Structure formats: structure tokens, C-alpha cells
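There are 2 protein chains.
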Amino acid sequence: MTEAVQNRPAIGVAVLGMGNVGAEVVRILEENADDLRARVGAPLEIRGVAVRDLSKPRKIDSALLTTDAAALVARDDVDIVVELVGGIDPARELIRTALTGGKSVVSANKALLADYTGELAGAAADAKVDLYFEAAVAGAIPVIRPLMQSLAGDKVERVAGIVNGTTNFILSAMDETGAGYDETLAEAGRLGYAEADPTADVGGYDAAAKAAILASIAFHTRVTAADVYREGITEVTADDLAAAKKFDCTVKLLAICERVVGDGGERVSARVYPALVPLSHPLASVNGAFNAVVVEAENAGRLMFYGQGAGGAPTASAVMGDLVMAARNKVHGGRGPLESTYAELPVASIDDVPTRYYVSMRVADRPGVLAQVAGEFSKRAVSIAAVRQEGAGDDARLIVVTHRAPDRAQSETVAALEDMDAVIKVSSVLRMEGTDD
Amino acid sequence: MTEAVQNRPAIGVAVLGMGNVGAEVVRILEENADDLRARVGAPLEIRGVAVRDLSKPRKIDSALLTTDAAALVARDDVDIVVELVGGIDPARELIRTALTGGKSVVSANKALLADYTGELAGAAADAKVDLYFEAAVAGAIPVIRPLMQSLAGDKVERVAGIVNGTTNFILSAMDETGAGYDETLAEAGRLGYAEADPTADVGGYDAAAKAAILASIAFHTRVTAADVYREGITEVTADDLAAAKKFDCTVKLLAICERVVGDGGERVSARVYPALVPLSHPLASVNGAFNAVVVEAENAGRLMFYGQGAGGAPTASAVMGDLVMAARNKVHGGRGPLESTYAELPVASIDDVPTRYYVSMRVADRPGVLAQVAGEFSKRAVSIAAVRQEGAGDDARLIVVTHRAPDRAQSETVAALEDMDAVIKVSSVLRMEGTDD
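Keeping their order, the protein sequence lines are chains A and B.
Count along the first sequence from 1, then add 53; that gives the number in our numbering.
Count along the second sequence from 1, then add 53; that gives the number in our numbering.
Each hint should be verified, as a subset may be incorrect.
A pair holds if it fits inside one copy or across any two, identical chains being indistinguishable in the list.
[Stated by the list, open to error] Simulated pairs of lysine to aspartate or glutamate, DMTMM-like, Cα-Cα distance not exceeding 20 Å:
1. K478 - D418
2. K478 - D448
3. K299 - D316
4. K208 - E84
5. K112 - D179
Bear in mind the hints are in silico, worked out from the structure with no lab data behind them.
Remember, it's a predicted structure, so these values are computed and weren't measured experimentally.
Model the full assembly from the supplied sequences, consistent with the hints where possible.
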């Protein structure tokens, strides 16, 4: 057995990109070569690593480095391409070339996969090779494979997750310290949890790409980033966190993928926004840079997957799992499942999705204001779950939490409140998730 | 594409056993036939269902029922056998026959897989077919596939889980109500959470079989149920739960699979026992009939998987995931990984495994007792982490929690304490898990 394994020809691996994740992938490939060979059934050999800057010192034999990623991908002795460069171009073209050339691909590129999985999976299917991307969502946490394979015989109703570590770090810190958004973002930057330009994270774009990937897999329907309704965390205030506590909640940036049943039959909702989450909900206690994904399926019930959602070594763990499975398929034949979009469910507009609202407003301190405000909600058939009145005089505040109603009715009510004389300012609007009603 | 799929010949499925899980598998196969066909690439057709009693009313076309499981397994038009009869015989022979006949097998049979995976995986490898058993551990929760595939490129250090719903229900209820073991077991029986003969659950045998399966996969080493050190929950008292609370802990029956590094190199420890777990540990809040498994790997860090560990529909979800993947492989070629035992690590004796102890004893109420007791610990190089003295006179009690030391040193200390004049009775001994020191 061991001998047979040793005599099998090596599987050639090209690594594109040697940032945090790439460097860890290269390290694991070198340090754990014996284990990997036993698990694959053949040795894994690095044919080359494509980088942008050859002069940067790196922990690798410099003969393996190249700036010509396209030439590396095209090499005959490369069987699997690990794409870790990120972004759309040139990653898209490199992956497509690899796949059409009969090479399997492992990618952590959420932005690319959110929008081009259809094209790339088609190329992989034609060439009968693998396209794996576990590392594109939630770092080390196995989510793609469980959704695609373990739940292949179930009907997924909902996927809700904390899939962006930067925003979760910021919201957790705001919750803990009571500090405001700007101050906490600056602190996150100092600690290395936020990038110099944090837009992709705090604007919810990163989470939206992941939501598109998760929704596509969960519902066997093509969902792209443009289909995902998106709000970031930039408007979340210290007051919101404090108010959330009074409702036994905290605030989390959630990526939600949901099967919505309405008049037109089943549709898919994919959305990203900061939401109040009850402290009793499993996602409420996911703090700091950790990620977690809750999956609700018809037969499995509620499942939760929790772990490190970012970082070099954790993300490399997910890449390596995909790489070993792709290599094993090269040795033993066969391939893993690709995207399946047979269900072709339409995407629901946020307007039609039932949501709950938390609305905080400064109001005139006089009798009858609550009745007026409540009237605007009831006019649009939005039922109120809880009300708090706080402060007095210039600081009189009214906080309303609603029951579930179509988001359009909720947002139109808020617009009407903003026009009311008695409402000085709607200071905050957040949705509430993780409750049944 | 759809046409091609519809023209593909059906994949024939034989279901052995129609209890809670089998009935749900049959229901899902019938209700979700269209979705399953799209996901597999061919229709799944039930060729027959083997049952013991034909006269029992069941929700299935009676023409599909048979009492002759062997004849059903041998049918030429059966491509995949779903084994849900449990126990060693005749399941072992039925599965072996299926595999050698070129049929893939999906099984939920933890007792069988704990001891005979080697034999069965060998038969599957020879016939180049699949042997999947996600449902054998932790019901609906994907654990086997993530360990075997998602973590295939990582080095698992530790797997610790709550994998038995009955004992977790009992311990959670004891924690909540303050009631004793016998009373709570009776209540669990009334509510359907404990079987008439609860030995397999409360004795830790069920958890030990699952620990063997998890350890085998996590450490690429064959571990059988006999290799697992095992204690059940029958000796856990209301006092233990109360004492645990005073140390900010609760008591959980844990299955622990650990890589232990000692003088002789790496070894594998697999063990099941009730243990004090700090309330801050993620497993502490897993209550009732829920299961959870924490995996710690070198690169991934700590991952947690949580969900329903038993029940017809949740377990059927796991069976169906395996069935779809096995069927997909029949259609597209290839097969999933089987057990890999290349690492062949020796199994460590519990004696050599570093553990922490919680020891509660009734002691004579006189000066110097603590010093004497402490002396017995220090004599064996067991360092004490915390001491509580409670009560007085006949009810004087001493509770000691130790730091980590080889289990033999801990258990020998307890034996010595039992022989001390000053110690009237060692009333409880539990290990403590989920802490670093």
C-alpha cells in the first residue's frame, strides 16, 4: 500500500498569490508532506507560486516563485491550481484557463465566486474537474461542503450567519465598551482587524458576496451579489447597542438567505444588514472576529457551525481540505459536486420579505404622540410588539419594535414617521432577526 | 440538461429497517423525488424495504415490503443499500454482501461501524464503492464529512463532543431542577428520551462507539469501542451538579478524542466520562437532547458543530445526504474517501492521559485534615487548583479540584484518600474538561 502510494506520480500544484493565506498553504504543503501524501494517495508537489513582487523575502525556495501566473497555470505538470489572488481580474481568466485545461481549481475568492460561479462551474463540468471554494465563506468553518453534500437530501429553509469578522469585531467591541462606531473602527484598524480602506467590510459588500454564494448553494438557484439587499454597519450607534440591551438583544451584521413563500410561490431572499438579535439566540454570543452560520433545514432542524472566519492559517485549513479532496479525485477518479441551479427560484425583493423593525425616534414631549405614532404603524397593518418611552422634554425618545410584516410596509411607516410634526427625528432604524414572531 | 437527466436510468435503493429513521427516509424519498432526481442526476427509486413484521401498518406501498433483507440486498437492480437495522448481526453480513456485490452502502449503525469499519471499508475499497455513515454520529449534524474531507489537509488535535442525547437530557434536567439521577432517568423515560433499558446510553456505550468512530477518522488510526475508556452517568448525583455550579461549571457526558504527546511519541486517547465543564465553554450551553462536537485542529483552530443528535427526521437528513452523494457517484463516477488508517498511532491508556479531577469527600471535622489530604496529592505530584470546605461536624465536606496530571496519579491519590482515617467517604470523583490548565 505504502509502496503503491509512493510510486504514484505526484500531483502538481500551482499556488497563485502568497499573502497571509498563500504563505500558510505553502507552509502546510511543505511541513505536512508525508501526511498529505498518505491522505491523497500520491505526493503533492508545488510546481510554482505566482507573486507580484519577486524581491519580497518569503519562506520558500525562490526558484518556485514567478510573476507569470498565466504561464504557471498553463504548465503541463500542474494538476491543481490554488487561486488566492482575489478580485475579478485576472483571477477569472486564470481560473477559466486552468479549468478548460483540465486542471482542478481551489479558490478562496468570494467576490469572483459570488458573480461568476455559473461560468466557472460550467467550465469545470465540461472538463470534468473540480472547482472547490470552501475558504470563500467563513474561513476555516466547513459550510460550503456541509450545505452542498451533507444536506444534499434535505430542504434548506434558511441560512443566517455572521460571516464578516471585521464588522463582528467592531459590533462586539461597541457592545462591550459602549463606544461609538468611528472610535471603534479606528481601534479595529490599530489592532489589525480592519483594513486601511474598510469599505468592503463595513459596507457589507464582503458579507453580501458570501450571502450570494450561500444562497446559490442552499437553494439550488443562481444568486449573485447584485441580488443581495445590503446595508452596512456605518450607521450603527452606541445608542443602538444600548437600546438593544434593553430589549435583551445585541446588534450583529447578518447575512440571511431565506426561502420565502408568498403569492407567487417560493422565492429566495438574500440580504445583509445589521440587526437586533436576542441574547438567547446562538448567533448573539458569537463575538470578536469569530464567524458562525446557522442553517435551518426541513428535516435536520437547526444546525450551527462556528469557528474562525478569517486569518492565514484558518483559511489555509479550508483551502487544504479542498486541495486534498481535489487531489484525491485526480488519483482515484471522480469529482465533487458543482453548483446546481435547477430550482431557478426567483429572487424576492426586500420590499416583500417579512421583517421586524426597531425604530428609535426623538419626539415632542406632549400627550398623544404615542397614539399618533402607533396610528402610522397600524395604518399599514404593521403590528407593534413593544414600545419604550424614555427621557423627557428635548430628550424625549420613543422606541418601537414591531412584529413581522412586509418590509415595504415597515419602511413606508418609517418614511411617514419622518414627516410627522410630533417626530423630531427618526434617529435609528434596524431590523430584528432570530425570533419567531 | 433536464432531458438528459430524465433519460438516465434510475438508481435503485434498498432500505433495510423501517423504524423512526427508515420511515423518514422513505417519506423523503417519495415526497422530494423531483428535487432528489435533479441533485443526483437520475431518479432514486426504492426497490424494497426490509422489515421484521409485515403486518405492522406503514406509510408505504406494501408491495415494496419484504422480510428477506438478504434477497433484497442481492437484487441486481439495487445500486445502494441504506442500512438502518442496527446491531452487529445480521447488519454486518448484509453490508458486506452489498459492498462485495458492487453496491454502495449508507449506514447509521454506530455499534457496527465502531468495530468493523476496517473490514467493511476494505470491502468497499475493493469494489470501488462508497461506504458512508454520517448518521452514525451526532444525528443531523455534519461531523464525519467535515472531519474526513473539510479537515483533510489539517492536523486534528482534539475532538470533544456531547454525542448522546439521552444522557445530555438527563444531566441538563438534573442541572436545572436539582433532582437526583434515578428520578430524572424515570422522567426521561416517561418523556421518550430514555429507552426501557437505558444501559447503552447511561452506561456510555453509545457515546464510546461514537468516540471510536470519531477518533479513527480524526487521527487516521483504527480505534475500536474496546479502545475507548468509558464511564457512564449512573453515579452522578444532584450534589455533583450543585458542587459544579459553585465552580462555575456544569456536568456533561463527553466523548473525547485527543492526540496525546508523551515519552513514546504521539498516541491517541479516546474516552467517555461525565466531566465538569466550565460554563464559559461552548459545550456547557448545549442542553436537552441536542448534540455538539468541538474540533480543534492545528490550523483551523477551534470549530464547533451543533444540532439535533437524534430523532427520525434529523437522522434521516444525514442518511439522505449520504444517499444523494453515493447516488451521484454512481451516476458521475468516482467515490468518496473511505477510512484512512495510515498513521497507526498507538492508543494511550487512560492512566497516562493528563486529566483534572474534582474530588468531593466527607471528612472528620478536626484541624489538620486539609493538610493531610493535600499531602496525598502532592506526594504524587498532583497540584491542587481549588479547595472548598463545607459544612461542619458529621457533615463536614472537602472538595478538591486539581490541575492536570497523569490520570494514574489522580486515581491513585483518590484510592489513598479512601484509606485515610480522616476521610470518612470519598463521595464523588469526576474529571474536569474544557480548561487549559
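Here's how the hints hold up against the structure:
no.: 1; hint: K478 - D418; verdict: within (13 Å within a copy, 69 Å between copies)
no.: 2; hint: K478 - D448; verdict: within (11 Å within a copy, 65 Å between copies)
no.: 3; hint: K299 - D316; verdict: neither (36 Å within a copy, 55 Å between copies)
no.: 4; hint: K208 - E84; verdict: between (40 Å within a copy, 11 Å between copies)
no.: 5; hint: K112 - D179; verdict: neither (37 Å within a copy, 42 Å between copies)
Of the hints listed earlier, those the structure fails to meet are numbers 3, 5, in rising order.
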